[in-house]
Amino acid sequence: MTTAAQNQIQSEVFRTLGDPTRRKLFERLAREGELTVSALTVGSKVSQPAVSQHLAALKLAGLVSDRREGRAIHYSVKPEGLKPLVNWVEHYTQFWADKFDDLESFLNKMDN
Amino acid sequence: MSTETRSIVMERVMPHPPEKIWRALTQSAMIAEWLMENDFKPVVGHKFQFHWAQGGYSGDVTCEVLTVEPARKLAYTYGNGSAAENTLATTVTWTLEPEGAGTKLRMEHTGFTPAQEAARGGAEFGWKGFLKRLDRVVEKA
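Protein sequences appear in the order of chains A and B.
Under our numbering, the first residue of the first sequence carries the number 50, and numbering increases by one thereafter.
Under our numbering, the first residue of the second sequence carries the number 1350, and numbering increases by one thereafter.
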C-alpha cells in the first residue's frame, strides 16, 4: 500500500475515534464482546438512532463489523482496524526517511 | 504496546549550507518540490495545510507554525483531518547545525498528543487511556 493510502486510512481512524461517544462504544465492544444496537444503547447517554449512526461510522472506518440475526444487528470489534494507530511510528519513520532522500535530491538540484 | 508519547528522530549531515536548506524548508514552492503542496509561510502562528494526492487518494494535513529561527530552527504542529476535527496534533521540529562545510539536519516528529483531550485535563476517555484499556485488542492488531 502506498504511503498516501496509509495516510488516508490513518486519518479516517483518527477522525472516527476522535469522537468520545464512538470511543466509548468501541471500548464497550472490546470489553464485552459482541453486542446489539439496543444493548449498546442501554447505558449510553445517546439515543438508539445516534448509536446506530456512530456504529455505521465505526464500520466505515473498519473498526467494527456487523452481523444481522433476525431483526437485530450484532456488532463486534475488528482488532486489525487499530493497526494504523499501532503502526503510527513505523509509518512515519518510513515517510520521513523517504522525504529526507527527496530533500537531498532537491538540494542537489537547487542553485546555491 | 506502550502508550507513552513517542517520537521519531532523523538526522543527516548534508553537504549544503544551513541557509540553503532553510530555503528548502521554508519557501512554499520549494517545500512542494520535495515534501507536499502547501500554503506555508515562515510566520509564527500561521495556519497552513499540506495537501497530498496519490494513487486516487488525497487529503490535507492541518498545521500551525510554532517556531521560526532563520537557518536554525523551524517547528510546526502536524495534525490529522480538518481543523474542526483535529483531535490529534503532533509536532515536527527541524534543527539545522553547521557541520564542516555542510549542515547537520535533524527532524524530530513528536506527539501522538491529543491536544484537545490534554486541554480538558485528561478527560475520562482520552486517547492514552483509550489505547491502554484496549491493550488486548491492540495486541491483535
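Everything labelled a hint here was simulated from the structure, so no lab data went into it.
Among the hints, a few may not be true.
Unchecked claim - Below 25 Å or equal to it, Euclidean Cα-Cα: the simulated SDA-like pairs (lysine to any residue) are: (1) B/K1390 - A/D147; (2) A/K148 - B/F1399; (3) A/K158 - B/W1443; (4) A/K148 - B/Y1427; (5) B/K1453 - A/K73; (6) A/K73 - B/A1381; (7) B/K1396 - A/R64; (8) A/K132 - B/Y1427; (9) B/K1453 - B/T1416; (10) B/K1369 - B/T1444; (11) A/K158 - B/P1364; (12) A/K158 - B/A1402; (13) A/K158 - B/S1356; (14) A/K158 - B/K1390; (15) A/K148 - B/A1373; (16) A/K158 - B/K1396; (17) B/K1422 - B/D1409; (18) A/K148 - B/F1397; (19) A/K148 - A/A121; (20) B/K1396 - A/W145; (21) B/K1422 - A/L156; (22) B/K1453 - B/D1409; (23) A/K132 - B/K1396; (24) B/K1390 - B/E1457; (25) A/K148 - B/W1443; (26) B/K1422 - B/V1441; (27) A/K148 - B/A1420; (28) A/K132 - B/K1369; (29) A/K158 - A/L109; (30) B/K1390 - B/G1449; (31) A/K94 - A/K132; (32) B/K1422 - B/M1359.
Said to hold, decoys possible - To give an idea of the chain A side of the interface with chain B (calculated C-beta under 10 Å), a few residues: (33) E81; (34) Y141; (35) F144; (36) F149; (37) D151; (38) E153.
A quick note: this is a predicted structure, and the numbers were derived from the prediction, not measured.
C-beta: ideal position from N, C-alpha, C; glycine also.
Hint by hint, here is what the structure shows:
Taken as a hint, the B/K1390 and A/D147 pair is honoured in the structure, with Cα atoms around 23 Å apart against an allowance of 25 Å. The suggested pairing of A/K148 with B/F1399 holds, with an alpha-carbon distance near 14 Å, which does not exceed 25 Å. Distance restraint check for A/K158 and B/W1443: the Cα-Cα separation of roughly 21 Å lies within the 25 Å cut-off, and the hinted pair is therefore satisfied. As the CA atoms of A/K148 and B/Y1427 are separated by approximately 15 Å, the hinted pair is consistent with the 25 Å bound.
Restraint check for B/K1453 and A/K73: the C-alpha separation of about 45 Å exceeds 25 Å, so the hint is violated. Distance check on the hinted pair: A/K73 and B/A1381 sit about 39 Å apart at the alpha-carbon level, beyond 25 Å; violated. Only pairs whose Cα atoms come within 25 Å are accepted, and B/K1396 paired with A/R64 is accepted, the gap being roughly 20 Å. At roughly 20 Å between alpha-carbon atoms, A/K132 and B/Y1427 fall within 25 Å of each other, so this suggested pair holds.
At roughly 19 Å between alpha-carbon atoms, B/K1453 and B/T1416 fall within 25 Å of each other, so this suggested pair holds. Between the alpha carbons of B/K1369 and B/T1444 the distance comes to roughly 13 Å, so the proposed pair stays at or under 25 Å and holds. For the hint linking A/K158 to B/P1364, the alpha-carbon distance of about 13 Å falls within 25 Å, and the restraint holds. With a C-alpha separation of about 24 Å, the suggested pair A/K158 and B/A1402 falls inside the 25 Å cut-off, and the hint holds.
Taken as a hint, the A/K158 and B/S1356 pair is broken in the structure, with Cα atoms around 30 Å apart against an allowance of 25 Å. About 23 Å separates the Cα atoms of A/K158 and B/K1390, which keeps this hinted pair within 25 Å; it holds. About 12 Å separates the Cα atoms of A/K148 and B/A1373, which keeps this hinted pair within 25 Å; it holds. Between the alpha carbons of A/K158 and B/K1396 the distance comes to roughly 29 Å, so the proposed pair goes past 25 Å and is violated.
In summary, the hint linking B/K1422 to B/D1409 is supported, as the alpha carbons are separated by about 24 Å, within the 25 Å threshold. Taking the CA atoms of A/K148 and B/F1397, the gap is near 19 Å; set against the 25 Å cutoff, the hint holds. Taken as a hint, the A/K148 and A/A121 pair is broken in the structure, with Cα atoms around 49 Å apart against an allowance of 25 Å. A threshold of 25 Å between alpha carbons decides the hint, and for B/K1396 with A/W145 the separation of about 22 Å falls inside it, so the pair holds.
For the given pair, B/K1422 sits about 18 Å from A/L156 by alpha-carbon distance, which is consistent with the 25 Å threshold. Restraint check for B/K1453 and B/D1409: not satisfied, since their Cα atoms lie roughly 29 Å apart, outside the 25 Å limit. Taken as a hint, the A/K132 and B/K1396 pair is broken in the structure, with Cα atoms around 30 Å apart against an allowance of 25 Å. Between B/K1390 and B/E1457, the direct Cα distance comes to roughly 20 Å. Compliance with the 25 Å bound is thereby established for this hinted pair.
For the given pair, A/K148 sits about 13 Å from B/W1443 by alpha-carbon distance, which is consistent with the 25 Å threshold. A hinted pair counts as satisfied when its Cα atoms are at most 25 Å apart, and B/K1422 with B/V1441 qualifies at roughly 11 Å. For the proposed pair A/K148 and B/A1420, the alpha carbon gap of about 19 Å is at most 25 Å, so the pair holds. Note on A/K132 and B/K1369: the hinted pairing is violated, with a Cα-Cα distance of about 38 Å set against a maximum of 25 Å.
As the CA atoms of A/K158 and A/L109 are separated by approximately 43 Å, the hinted pair breaks the 25 Å bound. A C-alpha spacing of about 29 Å is found between B/K1390 and B/G1449, which places the hinted pair above 25 Å, so the restraint is violated. This hinted pair does not check out: A/K94 and A/K132 have alpha carbons roughly 29 Å apart, beyond 25 Å. For the hint pairing B/K1422 with B/M1359, the CA-to-CA distance comes to about 15 Å; that is within 25 Å, so the pair holds.
Because the smallest distance between the Cβ of A/E81 and any Cβ of chain B comes to about 12 Å, over 10 Å, the interface hint for this residue is violated. The interface hint given for A/Y141 is met, as the beta carbon of that residue sits about 5 Å from the closest beta carbon of chain B, less than 10 Å. Because the beta carbon of A/F144 sits about 9 Å from the nearest beta carbon in chain B, less than 10 Å, this interface hint is met. Of the supplied interface hints, the one on A/F149 holds, with its beta-carbon coming within about 6 Å of a beta-carbon of chain B, less than 10 Å.
A cut of 10 Å between beta carbons decides the hint on A/D151: the least distance to chain B is about 4 Å, and the hint holds. At about 6 Å, the closest approach between the beta carbon of A/E153 and any beta carbon in chain B falls short of 10 Å, and the interface hint on this residue holds.
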